[in-house]
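Asker: Residues per chain are reported as follows:
4 protein chains.
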Amino acid sequence: MESNIKIGVIGYGYWGPNLVRNFAEIPGSQVRMVSDFKPELLAKVQSRYPSIQVTTDCRDMFSDPKIDAVAIATPVSTHFDLALAALQAGKHVLVEKPMTVTSDQAMRLIDEAERRNLVLMVDHTFVYTSAVRKMRELIANKVLGDIYYYDSVRVNLGLFQHDVNVIWDLAVHDLAIMNYVLSSQPYAVSATGMSHVSGGPENIAYLTLFFEGNLIAHIHVNWLAPVKVRRTLIGGTQKMIVYDDLEPSEKVKIYDKGITIKDNSESVYQMLIGYRAGDMWAPHLDMTEAIRVEALHFLDCIRKGERPITDGEVGLQVVRILEAASQSMKRQGRLVELDLARVAA
Amino acid sequence: MESNIKIGVIGYGYWGPNLVRNFAEIPGSQVRMVSDFKPELLAKVQSRYPSIQVTTDCRDMFSDPKIDAVAIATPVSTHFDLALAALQAGKHVLVEKPMTVTSDQAMRLIDEAERRNLVLMVDHTFVYTSAVRKMRELIANKVLGDIYYYDSVRVNLGLFQHDVNVIWDLAVHDLAIMNYVLSSQPYAVSATGMSHVSGGPENIAYLTLFFEGNLIAHIHVNWLAPVKVRRTLIGGTQKMIVYDDLEPSEKVKIYDKGITIKDNSESVYQMLIGYRAGDMWAPHLDMTEAIRVEALHFLDCIRKGERPITDGEVGLQVVRILEAASQSMKRQGRLVELDLARVAA
Amino acid sequence: MESNIKIGVIGYGYWGPNLVRNFAEIPGSQVRMVSDFKPELLAKVQSRYPSIQVTTDCRDMFSDPKIDAVAIATPVSTHFDLALAALQAGKHVLVEKPMTVTSDQAMRLIDEAERRNLVLMVDHTFVYTSAVRKMRELIANKVLGDIYYYDSVRVNLGLFQHDVNVIWDLAVHDLAIMNYVLSSQPYAVSATGMSHVSGGPENIAYLTLFFEGNLIAHIHVNWLAPVKVRRTLIGGTQKMIVYDDLEPSEKVKIYDKGITIKDNSESVYQMLIGYRAGDMWAPHLDMTEAIRVEALHFLDCIRKGERPITDGEVGLQVVRILEAASQSMKRQGRLVELDLARVAA
Amino acid sequence: MESNIKIGVIGYGYWGPNLVRNFAEIPGSQVRMVSDFKPELLAKVQSRYPSIQVTTDCRDMFSDPKIDAVAIATPVSTHFDLALAALQAGKHVLVEKPMTVTSDQAMRLIDEAERRNLVLMVDHTFVYTSAVRKMRELIANKVLGDIYYYDSVRVNLGLFQHDVNVIWDLAVHDLAIMNYVLSSQPYAVSATGMSHVSGGPENIAYLTLFFEGNLIAHIHVNWLAPVKVRRTLIGGTQKMIVYDDLEPSEKVKIYDKGITIKDNSESVYQMLIGYRAGDMWAPHLDMTEAIRVEALHFLDCIRKGERPITDGEVGLQVVRILEAASQSMKRQGRLVELDLARVAA
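Protein chains in written order, with my numbering: chain C, 1 to 345; chain D, 1 to 345; chain Y, 1 to 345; chain P, 1 to 345.
Keep in mind that the hints were calculated from the coordinates and are not lab data.
None of these values were measured; they are calculated from a predicted model.
Keep in mind that a hint or two might mislead.
Repeated chains share a single entry, so a pair holds when one copy, or any two copies, can fit it.
[Said to hold, decoys possible] Straight-line alpha carbon distances no greater than 27 Å define the calculated BS3-like cross-link-like pairs of lysine-lysine that follow:
1) K304 to K330
2) K262 to K38
3) K134 to K228
4) K66 to K253
5) K330 to K253
6) K262 to K228
7) K228 to K142
8) K330 to K6
9) K262 to K330
10) K38 to K134
11) K142 to K6
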């Protein structure tokens, strides 16, 4: 029987415990070491998982030859240094979203991983939910027809970040989902936003993404909303989707609704548009935890030497949009063009 | 006893019947004439209100000396000509929103009404709902503290307009509400949008409005959404509001939630933000139909010679923003500055 | 061309105006007379419908040979006398629900109508909604499999009735719907309830209906609830329904959920039950007003000499259950048997 | 410093892990031993909590003099024997709900605990939620006025129990809550229900509870519902509550709604009832896990030698109602009287 893949996890704050729990529980992997600079968090690891080694110095992880792969769940500003060191130490890497602070950093990591033939995967968790996978399937199979728009609202109260604005914290989820479910890439972005904490990063933001054809996308993110909303509308020529991630079971609803456009040369302005309303349908969704699906995929890619669905290139594309959106936001909506085809380093 | 104010109503399509019904039922007014160019609609008037005169020529209304005031419920492109003719015939005017197609037209009407000492009122119906009046009261009384943001979503399937884009049709409601509940005016707008009907006006649009200080507003309107949403979030330093116009009774919910910002010079980045969560409260709202409140206000202004809450100036301010937003949308979000202090004609 | 059927409407309180409006608007009928003992209500009729005759004495209607049919929208205690007089005058009758105060009265009316070959229809409005018709179709086509239970909640604040308890006012709707959508009749009822107004009829009540096999039904009605609820659950061996009449569009949702029972003689208690969860589906429903569908059906039955879906026998079956439930409620849940096969008079 | 109270937990199935986690984490207690007859569950305990002893024989727990208290989380049919043995071994006992299968057993345990001066507490978890505590406070402070009714719906798909019917599994929660929030006890119960699994216990049931005065309570429980509902309505003379346990934050809503009864001797039947609608208010609720609050209370009672809020007497009262309801259900709603004042053994 194949031996377990040995995992090191850096960071045991908000997300790290989920990574540790999943890699500890699923067959085929084993968590060998956890690092964090807070000893009280390491004490928790020890009490829950006495067989896992702990350290405040993540270099112990890089120098341990038994560790095959490293999962990085630290603040975004540290992603590049940690991921680079891990790759240079020959470890496969799963890095938290967003991948890096700049697209240059992302490209450096991609190159490093390619050169060393290591798996580099970005933790775009929503891509591994059954709701998002179902939406991709529906769109790929042309159930919705051509896509008119993608509109997402992701707001709640807290948690204000200190090092990144709300786009990097919340819109990154929507960009990762769009990257997966839509078949094309935006060519430009216009963003607006505001900071309500003096000197702090923007805590409310609105992004409009333009695509070739008449596809438009919009993302609304807010750390200062009285209610939690996680709702996406997707409109197509044939059908439309409401995806509400807070619904306990029917997260994805498909509406057989739309317009019919009559090409009537005699009456251009009269009766041009017809409205169509049909059934609504909510497919049953598998309830497996997304992070488990993702961890299994990471292990699978390591074993088979394949590229993950959310590889470095995908991480880079998302970072490019985040960069451009932040730039547009500084100029109050000024359009910033994107070039998502990667330039060779 | 004072005699009834005699009303003429132009247009008996979607909104006209509501105006006729209200002016017919409330004490103090009487509908004397209805005009529409469709005889089948006039037949409906006659069968329901046999005492009301009908005509396909609205000039009959202007020339009737017994008519005191005219309500105009026709497509926006006709507002200016009809309102001007009515004012020139000495009639008080209640005109459907948006007031006119251009701000120049709006200014002409304001001047005409002032010169003749006539009431000119714009039918910003939402301003006369108890929900919106309650929000104005809460904001004016500083219950919310300083306002951080105003965010509205107004989407549904249909009805596509042929002569105006979705901003002029739907965002006009939000602009009218904001004009009433907020104490300041935006200085610039950035808008994006898209048309999904070849050659047609934009059917989906996003507006960001910038105000002095750190107040930001956003409006999302869409004629092509699978579900109907009418939801506004208002964030303040002290409290936040969720206003959902589709709720049957608790339309306005006030959340005692927010952030507390600690000015800790020693730890700028650590523990700067605290979160506060308290009670939620939904005030009981009077259920009187808004259009009835509005009609009573119009009659009252005529009798007392006073300016209506939604007078020509307010109508003009809204039209200015609509113009600027449409201009910004054509340039994919380019900021357009607003000068809402009126230039003397 | 066939001439219009002439209708007289008795009672212009809550429901009468809807009957008048529909019979006035649909092709094939004409409202000739309206009676009510309140002159101020008749004045409303005259102002809206100047061609309709009005009277405070409904005997004028019975003696008018031009009137073909009478619709009765008065308090339940008057139904029997008015309907009997109308039938004896040779008029077809549409009578408000519940049909009569006693089953004896209901049988008298049925006999009178049969003898005179007149249409006798009970106004079980919900039966004519597209939601209820869709549920009947789904159940008749065995989409749900065998029915396990029917459970309805119908509560709100007001309107307290003075002459009947909440069962006769609200549960009557559920009994009418059940009569239409289920293929069998209950054999016994147990009911409990309470009056919270001294000397008044019960304002909260719970009915359990027993059917042959293992079908059970329950109805919860309440005039004193803080929120309005109109929700029915129907469980079947194959699928289950949630019918929420307050939903604006998706009123009927079909869940592909249920249990699978494994007949495993070796492990009677272990693993006997499996759970099945599949898609949810909400069929598009026609939005025609139920009362219009019903009025058309009444006219059609008159023309063709056919029995209505909600004929006197159906009205009688519902009254029998109401009688039995009230009797059981007096005895705090004591089972009362029903014999819904009609005894010859 | 006082030493930790040492806990033994019997049963590591559905609820046991929550007990172990809480007693392990809160200060003042320590989990010393866990027993379960399934070795694979004990292996989980060992991997997560290496310092806890495990055994398949719970008698090891009774004979360990270091164990102060035992928490029993096993099927209800085993509660009596295990609790009795624990008490006889001198251990304090926290036993899962429902307390026992019969009220005789419950009385035996109460006597045993009293004689030995040991704490006997029943795990009525909902009583320790902030939502239920808030409701008790509101009712005790007469905010609702006199209580008219208590109405609860607790339905979902699964989990069918083999040894008890749905009343013992789900209605027990409502009975425990009612016992805590209402100030009086029911004097009789009428229950109906049905089994849809041949030979199995009833999986759907309806209970009506009668109290002195005009207070009535009703509980609807169902293992075979397409949707999960956890909603309670409480009506009072002054205010009404909607308690929805599935709401993420506003679980308790207080409506300033009701009726006003005018004692008008001249017009007994006319205009007797007025309707009042005011604000709605949702108090902020503490989010501490109920089981943690409960565990702290258990430890506190042990230390101080006090009676818990949910002591054996409360457990007995609930069991008496469960017995009576099951008896009534067998007779299709026949009223069964309750005598909740305890008869001396």
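Asker: Take the hints in turn and mark each one as holding or not.
Answerer: Structure-based check of each hint:
1. Neither within a single protomer nor between protomers do K304 and K330 lie at most 27 Å apart by alpha-carbon distance, with minima of 44 Å and 50 Å respectively.
2. Proximity of K262 to K38 under the C-alpha cut-off of 27 Å is restricted to the inter-copy arrangement: shortest distance 24 Å between copies versus 65 Å within a copy.
3. Proximity of K134 and K228 under a CA criterion of 27 Å is satisfied in both settings, with 23 Å inside one chain copy and 23 Å between copies.
4. For a Cα distance limit of 27 Å, the shortest separation of K66 from K253 qualifies neither inside one copy, at 46 Å, nor across copies, at 54 Å.
5. For the homomeric pair K330 and K253, neither the shortest alpha-carbon distance inside one copy (36 Å) nor that between copies (33 Å) is at most 27 Å.
6. For the homomeric pair K262 and K228, the shortest alpha-carbon distance between copies (24 Å) is at most 27 Å, but the shortest distance inside one copy (40 Å) is not.
7. Taking the shortest alpha-carbon separations for K228 and K142, only the inter-copy value of 24 Å comes in at or below 27 Å, while the best intra-copy value is 31 Å.
8. Neither within a single protomer nor between protomers do K330 and K6 lie at most 27 Å apart by alpha-carbon distance, with minima of 44 Å and 55 Å respectively.
9. Proximity of K262 to K330 under the C-alpha cut-off of 27 Å is restricted to the inter-copy arrangement: shortest distance 25 Å between copies versus 43 Å within a copy.
10. Neither within a single protomer nor between protomers do K38 and K134 lie at most 27 Å apart by alpha-carbon distance, with minima of 39 Å and 38 Å respectively.
11. In this homomeric assembly, K142 and K6 never come within 27 Å of each other (Cα to Cα): the closest approach is 41 Å inside a single copy and 54 Å across copies.
Figure legend: structure checked against the earlier numbered hints; hints not met, in rising order: 1, 4, 5, 8, 10 and 11.
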